[in-house]
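Taking my numbering, the leading residue of the sequence shown gets 35, the next gets one more, and so forth.
Incorrect hints may have been included.
As the list claims (entries may be wrong) - Label pairs and their in silico Cβ distance ranges:
(1) D422 <-> G96: 27 to 35 Å
(2) T331 <-> K266: 52 to 60 Å
(3) G113 <-> T331: 28 to 36 Å
(4) D126 <-> E335: 46 to 54 Å
(5) I262 <-> T306: 25 to 33 Å
(6) G423 <-> N279: 24 to 32 Å
(7) S186 <-> T306: 32 to 40 Å
(8) E192 <-> D152: 26 to 34 Å
If you're looking for bench data, these hints aren't it; they were derived computationally from the structure. All residues carry an ideal CB built from backbone N, CA and C; glycine is no exception.
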Amino acid sequence: MRKLFFLLFFFILVNFNYLHALDVKEINYYKDKKAWLVNDNNLPIIAIKLAFKAGSGLDPIGKKGLANMTVSLLDEGAGNYSAKEFKRILADNSITLNFNVSHDNFYINLYTLKENLDLSFQLLDLALTKPTFKLQEIDRIKGNIKLILEQSYKDPNEIGTRLFREILFEGHPYQYDTLGIREDIDKIEKKDLESFLNNNLTLENLFVAASGDINESELKKYLEKYFIKFDKEKKVNKVPIHKKNIKPNIFLHKKDLRQSSILFAGEGISKTDPYFYPAYVMNYILGGGGFFSRLTTEVREKRGLVYSVYSYLYRYDKYNFFSGGAQTSNENVNKVIKIIKEELVKIKNQGVTESELNDAKNYLINSYVLRLDSNKKVASILLNTQMDGLNTDFFKKRNDYINSVSLEDIKVVAKKILDENQIFFLIIGNPSNLKNINEI
């Protein structure tokens, strides 16, 4: 046991030092545009993550799903290469190149051996500037997307997620799935795909992060060669700000299921808010810490009402929210909701204990380094941190931010986030003994 403890302590110490030693370079490659880089030449491997502020939130009315369909087709043929040829070149050279969208962002993931870096950027350039968008491939991707959507309309979890978004984001582009709406998919034409790329891929809304066997001058060279062309004199399209006055309603979508799913949500907090880290620590104690959280202790361990119960802090560009969920038998839904509400009120009114605070700090500090154990993970965190509007010194300060959280800080932020009068619940299932519900 002593040996195990020593090894664990040594691992944490080494990784703690690694986090503080994470040398993030900021490279100015054009005008005021900067890329972040962590150089690591232990292996001849490079991970590059890029993101344009061009997600599904920009999909026009009547063509929901446009952003997702566009990125789904970028590796389905580009330049003189057919879809099969393009993918074969990637595979033959051990290059991973893929694209995906969130509601806010258009992501590019590039992972390659150093020797294939030139080829990797050439292929990326073709995909972004000369995608073929052949009718045959468009129809095939449309069919795939419609099939996934059709299946999601029958899946209780997907139904719950869709209804949850419709309640939380009513009237805002975030209310739609990134896949879009089934009836809109067939309306999307080749010219729409081309227009999406032309109008939304601009240098102004581009973020870049890299990790691996590439130095500052090399990264700058590739960015200058392949991305300065995106410096377009265009107005950058932006997703509107979302404002939501959440009311303490309980919504029910009846479904003949053995178990009911419960989702809940309230106001969240921005990463740049001075009280973000108190909220981060508080959420870990409440429901973000898995088996070590209050919700798991009260709902699962003490009463055996659920298998899992959780809470999260979600952040979007135009809206932040606090959310959570659980699954339980239909007859126990009322009990579970009651306990969740009670635990929210307890932390709001009484705060947390010093022991809980210290345990949460230790975990959140010591576990973070596990998210930095590969070039891919480092590049992802660099990109996300940059997009959050933080500086490169964040990695040296992060642990101090967490350590500085006090019991009083948590009381302050809990009163803002854990207000039972500004949290709604959504149930998907067939619960019994519920009163004052809104069926949807």
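Taking the hints in turn, this is what the structure says about them:
1. D422 <-> G96: 27 to 35 Å: holds, 32 Å
2. T331 <-> K266: 52 to 60 Å: holds, 54 Å
3. G113 <-> T331: 28 to 36 Å: violated, 57 Å
4. D126 <-> E335: 46 to 54 Å: holds, 52 Å
5. I262 <-> T306: 25 to 33 Å: holds, 29 Å
6. G423 <-> N279: 24 to 32 Å: holds, 26 Å
7. S186 <-> T306: 32 to 40 Å: holds, 34 Å
8. E192 <-> D152: 26 to 34 Å: Distance hint for E192, D152 is violated at roughly 42 Å.
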